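Trainee: Taken in order, these protein sequences are the chains called A and B.
If you count by my numbering, then the first sequence holds residues 6 to 324, one letter each, in order.
If you count by my numbering, then the second sequence holds residues 3 to 294, one letter each, in order.
A hint or two may mislead.
[To be verified] BS3-like cross-link-like pairs, simulated, lysine-lysine; straight-line CA separation at most 30 Å:
no., chain 1, residue 1, chain 2, residue 2
1, A, 310, A, 297
2, A, 310, A, 11
3, A, 297, B, 266
4, B, 266, A, 144
5, B, 266, B, 58
6, A, 297, B, 162
[As the list claims (entries may be wrong)] Residues on chain B that point at chain A, a partial pick, calculated with CB under 7 Å:
no., residue
7, 94
8, 100
9, 107
10, 263
11, 267
12, 275
[To be verified] Stretches of chain A that chain B covers, calculated by requiring three or more beta carbons in the stretch to come under 8 Å of a beta carbon on chain B:
no., segment
13, 181 to 194
14, 242 to 256
15, 291 to 303
Hints are computed from structural coordinates only; laboratory data are not their basis.
Bear in mind that the values here come from a model prediction, so they are computed numbers and not experimental data.
From the three backbone atoms N, C-alpha and C, an ideal C-beta is built for every residue, glycine too.
Now for the letters of each chain:
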Amino acid sequence: MKANLKYNAAWLGVMVLGFVVIDACEFLGIINSFIENMLVTIGINIILATGLNLIIGFSGQFSLGHAGFMAIGAYATGIITQTLVTPIGFYLSVVVGIGIAIIAALIVGIPTLRLRGDYLAIATMGAAEIIRILINNLKITNGAAGLFNIPPLVTWATVYVFMCITTIVTVNFIHSRSGRAVMSVREDEIAAESMGINTTRWKLAAFVFGASTAAIGGSLHAAYIQTIAPGDFNIMASIAILIIVVLGGVGSITGTFIAAIVLGTLDTVLQNFGTLRMIIYSLALILIMIFKPSGLLGTWEFSFKPLGSRQRKEQSVHE
Amino acid sequence: MQTIGQQLINGLSLGSIYALLALGYTMVYGIIKLINFAHGDIYMLGAFWGYFVINKLHFNFLFAMLSAMLFCALVGVIIEYFAYRPLRKSPRITALITAIGVSFLLENGMTYFFTANTRNFPQAIQTVTYHLGGIQISNIQLLILGTACLLMLLLELIIKRTKMGKAMRAVSVDPEAAQLVGININHTISFTFALGSAMAGAAGVLIGLYYNSIDPLMGMTPGIKAFVAAVIGGIGSVPGASLGGFLIGLLETAVQAVGLSAYKDAVVYFVLIVILLVLPAGIFGKKTKEKV
């Protein structure tokens with residue numbers, strides 16, 4: 006704990022600095038509502054993609070149903086905050102969304118995580134579509150029209166804080182004993198099992214974890230955008246999150262951050278191009294898979310540790 | 003009794019479309035273990051090809067369908083050559099993501115060039131409805147059923163009786179051993195894609211004629227349902243895919259008939275999950291034990 010104090014302090018510094026920079030830009034009027042919208046979208050995408058990267062990159066399970074869990078969070082917020090128009094209502098709805106998403110992930114995950122690779126992908130996609138079709142036909146969710154006039158209880162600061170918290174929790178999970186268990190399942194399921202790791206339990210843990218972060222992302226999306234419809238959470242939405250994960254690097258949280266920022270900025274720049282943008286994305290997806298299947302950054306992570314150790318090496322040379 | 007008969011006819015005609023699509027999935031999966039996500043979009047391309055040749059070049063229906071099959075076979079081979087062949091040795095997930103990318107590219111490419119509007123498919127054949135003991139059958143439904151059965155029979159003959167079919171079966175059992183006895187794997191896989199895509203092309207033109215409307219995203223849901231059909235029949239098995247297609251078609255019409263049409267897609271996905279859990283090898287599939 007003490008050994009990591011310096012790095013943890015450095016990361017805390019980065020987070021606070023980021024907040025101060027955005028706040029200052031907001032204050033000076035550099036960030037207009039257009040750019041703020043972009044930043045919030047990037048933040049929400051980082052939350053969603055980090056969760057999906059945990060499932061795909063670290064536990065090695067291929068889930069195509071992320072948008073389904075996002076929909077659960079979004080609708081929880083949409084429904085609860087319409088009666089409870091206070092920040093407390095929002096936080097309550099986030100908790101409720103996470104709760105329902107965890108239950109749904111358990112129901113989906115316990116049977117389907119026995120499946121391998123592409124079968125799992127299809128099964129999770131089917132499960133997400135079932136969630137979407139249910140939302141599309143229920144009365145409480147207002148059917149295909151969706152919910153609108155959701156009270157705007159979220160500012161960019163809320164999204165920023167949530168982004169930091171989910172990232173810290175996810176990264177800590179990855180670096181803990183549990184995280185190593187999850188990664189061993191990715192490397193070789195049979196070898197992990199023979200080492201005494203309960204593979205089903207850790208796969209499920211990663212899946213449930215990812216689903217609950219997706220629900221948080223969905224809640225923030227609903228409260229910031231203020232309108233949601235079942236069509237926003239279709240298979241295309243799952244694939245959009247997948248593109249961020251794959252582009253950044255399957256198994257690299259740093260990569261997810263960079264990819265979300267690059268794609269978010271590109272989205273805003275290319276907004277006028279409409280479908281051409283999607284053509285570029287799909288081409289990029291195919292080309293990256295062919296030429297660099299591990300994504301742009303692979304499993305590389307940015308860390309303050311190499312910087313620190315170089316200093317220490319220099320010191321030892323001087324001594 | 004009459005309504006059951008009527009729904010049976012509707013289900014079978016819809017099912018034959020799914021069966022044609024499922025054959026492509028099952029053959030490709032059998033040979034390179036890839037869920038070809040783009041298969042549904044090849045079916046969409048077939049429908050659009052039919053639309054253009056009938057409208058612009060005034061082909062008759064038969065030529066439109068044959069040319070669509072040829073065109074889709076070509077597209078399938080091109081996709082395999084550029085997108086899937088470089089990934090033959092990489093993990094299956096990588097290939098799956100590429101397939102999703104190809105599907106995305108075809109959908110958005112078509113939307114970009116031809117807009118997302120729904121179009122009316124030209125009525126190349128005048129619809130005639132026959133009444134048989136209170137059951138209505140249109141000549142288009144008969145045409146779909148007939149064509150689908152004919153194509154499936156043809157496919158079965160190609161796979162069982164020709165040299166190329168033998169090569170396909172050999173590669174799907176063991177690619178390396180097949181190579182050792184002198185089979186050109188690349189040609190065999192290209193041929194498999196061509197066959198599967200031609201089936202999808204035919205299905206596209208037939209569905210255009212049946213439903214009378216086409217759009218660039220029409221391939222997505224039927225593609226997934228056809229995959230479900232292939233899984234139910236036992237992926238890798240040709241008769242299984244045909245049977246699975248008919249079963250899914252019947253199931254969907256049955257759900258619609260009892261008044262739950264809003265949930266018809268959900269039921270198909272639910273059946274998929276149940277089948278994957280209870281009978282992962284499907285009806286005709288072989289069970290494989292994993293060896294360490």
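Trainee: If a hint holds in the structure, say so; if it does not, say that too.
Mentor: Against the structure, the hints:
1. A:310 <-> A:297: Judged against 30 Å, a Cα distance of about 26 Å means the pair holds.
2. A:310 <-> A:11: holds, 9 Å
3. A:297 <-> B:266: Violated. Residue 297 of chain A to residue 266 of chain B sits at ~39 Å, over the 30 Å cutoff.
4. B:266 <-> A:144: Distance ~18 Å between residue 266 of chain B and residue 144 of chain A Cα, so the pair holds.
5. B:266 <-> B:58: Distance of about 36 Å is beyond 30 Å: violated.
6. A:297 <-> B:162: Since the Cα atoms of residue 297 of chain A and residue 162 of chain B sit roughly 39 Å apart, the hinted pair is violated (cutoff 30 Å).
7. 94: Hint on residue 94 of chain B: holds, closest Cβ of chain A at ~5 Å, below 7 Å.
8. 100: holds, 4 Å
9. 107: holds, 4 Å
10. 263: Residue 263 of chain B check fails; min Cβ-Cβ to chain A is 10 Å, beyond 7 Å.
11. 267: holds, 6 Å
12. 275: holds, 5 Å
13. 181 to 194: As far as the segment 181 to 194 of chain A goes, the hint is violated, because 0 residues have Cβ atoms under 8 Å from chain B.
14. 242 to 256: Per the Cβ count (3), the hint holds.
15. 291 to 303: Check passed, 4 qualifying residues.
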